[in-house]
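Single-letter residue listing:
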Amino acid sequence: MNNKLKVLRAMRNWSQAELADRLDVSRQAVNAIETGKYDPSLPLAFKLARLFEMPIEEIFDDGYMGGDNVA
Amino acid sequence: MMDIWEATMSRDDTKPRSLAALIAWPIVIALIAAGLLGGFAGHNQAALDSGGTPLPAWAGPLAAVAFAIFALAIYARRYRSTWQGLSPRKQRYWLTLGFCAVIGGIVGGWLVADQPTGRGLSETLASGSLSPGFAVGASLLWIAGLAIGMVLYHRSIDDHEERAWLWACVAGWYAFIFPAPAWWVLHRAALAPPVDIMTLFAFSLIVNAIVWLWLKFR
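Protein chains in written order, with numbering that gives the first Met the number 0: chain A, 0 to 70; chain B, 0 to 217.
To be clear, the hints were calculated from the coordinates, so they are not data collected in a lab. Some clues are possibly wrong.
[Stated by the list, open to error] DMTMM-like cross-link-like pairs, simulated, lysine to aspartate or glutamate; straight-line CA separation at most 25 Å:
hint	chain 1	residue 1	chain 2	residue 2
1	B	Lys215	A	Asp38
2	B	Lys215	A	Glu33
3	A	Lys46	B	Glu161
4	B	Lys215	A	Asp20
5	B	Lys89	A	Asp23
6	B	Lys215	A	Asp60
[As the list claims (entries may be wrong)] Over 10 Å on every C-beta distance to chain B, these chain A residues come out as not near it, computed from the model:
hint	residue
7	Met0
8	Lys3
9	Val6
10	Arg8
11	Met10
12	Arg11
13	Phe51
14	Ile55
15	Glu56
16	Glu57
17	Asp61
18	Gly62
19	Gly66
The beta carbon of each residue, even a glycine, is placed where N, CA and C say it ideally should be.
Just chain A, with the same shape it has in the complex (with noise of 0.2 Å):
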């Protein structure tokens, strides 16, 4: 799934560390999810999605493109 993270982070001239912290998990976590190799739980996607003060489908695009199959 891919993501807007790495952006929004640098728009905050936040580390990877500092971005961990605020959300009170590992930096290697950040790392994984910035760099596509982890999708967050939904509870860390709501709490990106509470610290960047946006909905979580404008930080994460699962590539659906509408149609009437959802999947």
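Once you've looked at the hints, dock chain B against the given chain A.
Quick look at chain B alone, frame taken from chain A:
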């Protein structure tokens, strides 16, 4: 001794210090204390071999414990603010790893102390006989320590590490269920030596560790 203490305590203890140093210093202190123990034991053995008078048996443990208490007191004073800067979850995490390291250190130290003199490394770690006291004590420490450690660990890891752990455990389980029955039937057909449960355990543990490290740090 008091001069060293005063000199150390007069430094800025509120300065934030690195997490790596926070973790590394207790390990260094433990290694130096173990070195002191070994040094005193070696000195006494050399004295006995040369017909001299060894130091009292309590001298080594006393020196090691006194050093450890003094060093840990300085450590606690200097790293208190760094520790307090960690979130409760991270404090629980590092306490859990510290707890597991202490249990491992006790079992390892006890294992070495339990060996007769002159026993080699492979015999010490794998094939040599053990005293019943150590076997019962180490078993209890392993089971109780692992149970407590795992509860603490699962209460302190984040989502990412939990996922790494779960997949590592699946891989470790596969590393057991694939070879174990194959080895067993091969042995029954006299095509392989008897199944060695500790070899399977070690293989499963190694696979678990590799997958955990890969998913956590890749």
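Do the alpha carbons of lysine 215/B and aspartate 38/A lie within 25 Å of each other, as the hint requires?
Roughly 13 Å between the alpha carbons, so the hint for lysine 215/B and aspartate 38/A holds.
In terms of Cβ atoms, is chain B entirely out of 10 Å range of glycine 62/A?
-> holds, 21 Å
Does the structure keep lysine 89/B and aspartate 23/A at a Cα separation of 25 Å or less? Cα-Cα ~8 Å, so holds.
*Can we trust that valine 6/A is non-interface, i.e. its beta-carbon lies farther than 10 Å from all of chain B?*
holds, 20 Å
- Message: Checking a non-interface call: every C-beta of chain B should be farther than 10 Å from the C-beta of arginine 11/A. Is that right?
- Response: holds, 19 Å
**Asked** lysine 215/B and glutamate 33/A: Cα distance at most 25 Å?
**Response** holds, 14 Å
| request: Classify the label on phenylalanine 51/A as holds or violated, using whether its beta-carbon is more than 10 Å from each beta-carbon of chain B. | output: Holds: least Cβ distance 18 Å, greater than 10 Å.
Requested in this report: Evaluate the condition: distance from the CB of lysine 3/A to the nearest CB of chain B exceeds 10 Å.
Outcome: holds, 19 Å
Minimum Cβ-Cβ distance from methionine 10/A to chain B exceeds 10 Å | holds, 23 Å
Is lysine 46/A close enough to glutamate 161/B, meaning Cα to Cα at most 25 Å? holds, 17 Å
Check the non-interface label on methionine 0/A: least C-beta distance to chain B beyond 10 Å or not. holds, 14 Å
Q. Arginine 8/A clear of chain B by more than 10 Å, beta carbon to beta carbon?
A. Holds, because the least Cβ-Cβ distance between arginine 8/A and chain B comes to about 16 Å, which exceeds 10 Å.
Checked against the numbered hints given earlier, the structure satisfies every one of them.
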